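K.L.:
Please work from the sequences and hints to get the whole structure.
2 protein chains.
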Amino acid sequence: MRIPVPLDKSWRLINHGPVVLVSASHAGQDNVMAAAWCMALDFKPPKLAVVIAEGTHTRTLVDASRQLVIQVPPRALLDAIDGVGNCSGRDVDKWARFGLARERASVVDAPLVSGCNAWLECRVIAGEDAIHARYDLFPCEIVAAWADDAVYDAHHDGARLRDDVPPARRAVHHVAGGVYVVDGEVVRARAG
Amino acid sequence: MRIPVPLDKSWRLINHGPVVLVSASHAGQDNVMAAAWCMALDFKPPKLAVVIAEGTHTRTLVDASRQLVIQVPPRALLDAIDGVGNCSGRDVDKWARFGLARERASVVDAPLVSGCNAWLECRVIAGEDAIHARYDLFPCEIVAAWADDAVYDAHHDGARLRDDVPPARRAVHHVAGGVYVVDGEVVRARAG
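Top line first, the protein sequences correspond to chains A and B. Using the working numbering, the first residue of the first sequence is number 1, and each one after it goes up by one. Using the working numbering, the first residue of the second sequence is number 1, and each one after it goes up by one.
Derived from the structure by calculation, the hints contain no laboratory data. Note that the structure is predicted; figures quoted are calculated from it, not measured. All C-beta atoms in this analysis are idealised placements derived from N, C-alpha and C, irrespective of residue type, glycine included. Accuracy of the hints is not assured; some may be wrong.
[Unchecked claim] Simulated coverage check for chain A against chain B, where a stretch passes if three residues somewhere in it have a Cβ under 8 Å from a Cβ of chain B:
1. 74-81
2. 176-186
[To be verified] Simulated restraints on C-beta separations:
3. Ala130(B) - Glu54(A): 18 to 28 Å
4. Gly28(B) - His155(A): 49 to 59 Å
5. Arg162(B) - His155(A): 19 to 29 Å
6. Ala96(B) - Met1(A): 44 to 54 Å
7. Ala191(B) - Ser114(A): 33 to 43 Å
8. Arg188(B) - Pro6(A): 31 to 41 Å
9. Asp79(B) - Pro6(A): 28 to 38 Å
10. Ala191(B) - Gly28(A): 42 to 52 Å
11. Arg2(B) - Ala130(A): 33 to 43 Å
12. Asp164(A) - Asp164(B): 24 to 34 Å
P.N.:
Structure follows, in structure tokens:
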């Protein structure tokens, strides 16, 4: 079940560096792509940065709408993750082709991809067109956050990754060329 | 054994979003910190972006030297990773306190932390002081790269993560507050 996460805890949902899906919408067109280059950027207000290559359909939608959703997909969606990263929404309807469902977001006009572990609704920070142009880099403010309670204990201190996430629901990390590492054991450092 | 990685393959070493150690040096002082907010930024020339908070000792060294090394530490160094992220090099000698050894880098004047899985020698890209100030974000160019051949097959196509990395040598990903996820199974998406 999708449960709201306090904004000041939202950075935790991507802090472990998983591959993410970037969804965006403009003028009635929705699209989704995969991105390995996404990270948190600040705690309060919460921000993240994501690289969205020039020339992609998602980039066109983000440039126009200035809104997007970053979501963390589970291993169960592996073929869809890799698939949406290797074709263009200009050529195919990725939702139909990869069997992805979507839901309405709470704040932004961009779809939430169903079946993910976590969702971050974002607005592109204004005034950074030079960074977009130079690095394809989009600093964004996180304006709403959600976690699935099969993966996160959303009632405990905001959002805590469960120790016992079922294998099919674990996050994946893109190494290169369709090879991914699945989240393994959860460990704790000995307090300094 | 540490083996050179071609620069055009160097992004692969951090693409899976592990926690990294950031090392820097200036005027005879070396320091090292941990960073979860680091990602690749471009393929050619290879670039990465890392967040280095204002006020940290490492930030002072990077601001002065404009050079740093990003390295991927293994699970075996978990307590050191967490430790160097929770104290300041102004107060303690982190190398001694956490038992970290260092080696000379090949191009930059910043130390390589011994026992890591991969190392990226970087120069801070000039002219981005506004981004440093606004987001504590440092776009860098990767100028030399190394991988340990116990973790990467460095002879195959540049650097390929091995399927059989021993548990103690696997990369870790910081979730929050001293909790980390260890790299698990390596999986391949079905070609689209």
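K.L.:
State for each hint whether it applies.
P.N.:
Results for each hint:
Under a criterion of three residues with beta carbons nearer than 8 Å to beta carbons of chain B, the stated coverage of the stretch 74-81 of chain A is upheld, 4 such residues being counted. With 10 residues having a Cβ less than 8 Å from any Cβ of chain B, the stretch 176-186 of chain A passes the three-residue criterion, so the hint holds. Roughly 21 Å separates the CB atoms of Ala130(B) and Glu54(A), a value that falls within the hinted 18 to 28 Å. At about 50 Å, the CB distance of Gly28(B) to His155(A) agrees with the hint of 49 to 59 Å.
Evaluation of the 19 to 29 Å hint for Arg162(B) and His155(A) yields a failure: the beta carbon distance comes to about 39 Å. Distance hint for Ala96(B) and Met1(A): a CB-CB separation of about 49 Å, consistent with the stated range 44 to 54 Å. The hinted window of 33 to 43 Å between Ala191(B) and Ser114(A) is violated, with their beta carbons roughly 24 Å apart. Take Arg188(B) and Pro6(A): their Cβ atoms lie about 37 Å apart, and the range 31 to 41 Å holds.
Between Asp79(B) and Pro6(A) the beta carbon distance is about 29 Å. The supplied range of 28 to 38 Å therefore holds. Checked against the hint of 42 to 52 Å, the C-beta distance between Ala191(B) and Gly28(A) comes to roughly 32 Å, which is inconsistent with it. Look at Arg2(B) against Ala130(A): about 38 Å separates their beta carbons, and that is inside 33 to 43 Å. The hint said 24 to 34 Å for the Cβ distance between Asp164(A) and Asp164(B), and at roughly 25 Å that hint holds.
Checked against the numbered hints above, the structure violates hints 5, 7 and 10; every other hint is satisfied.
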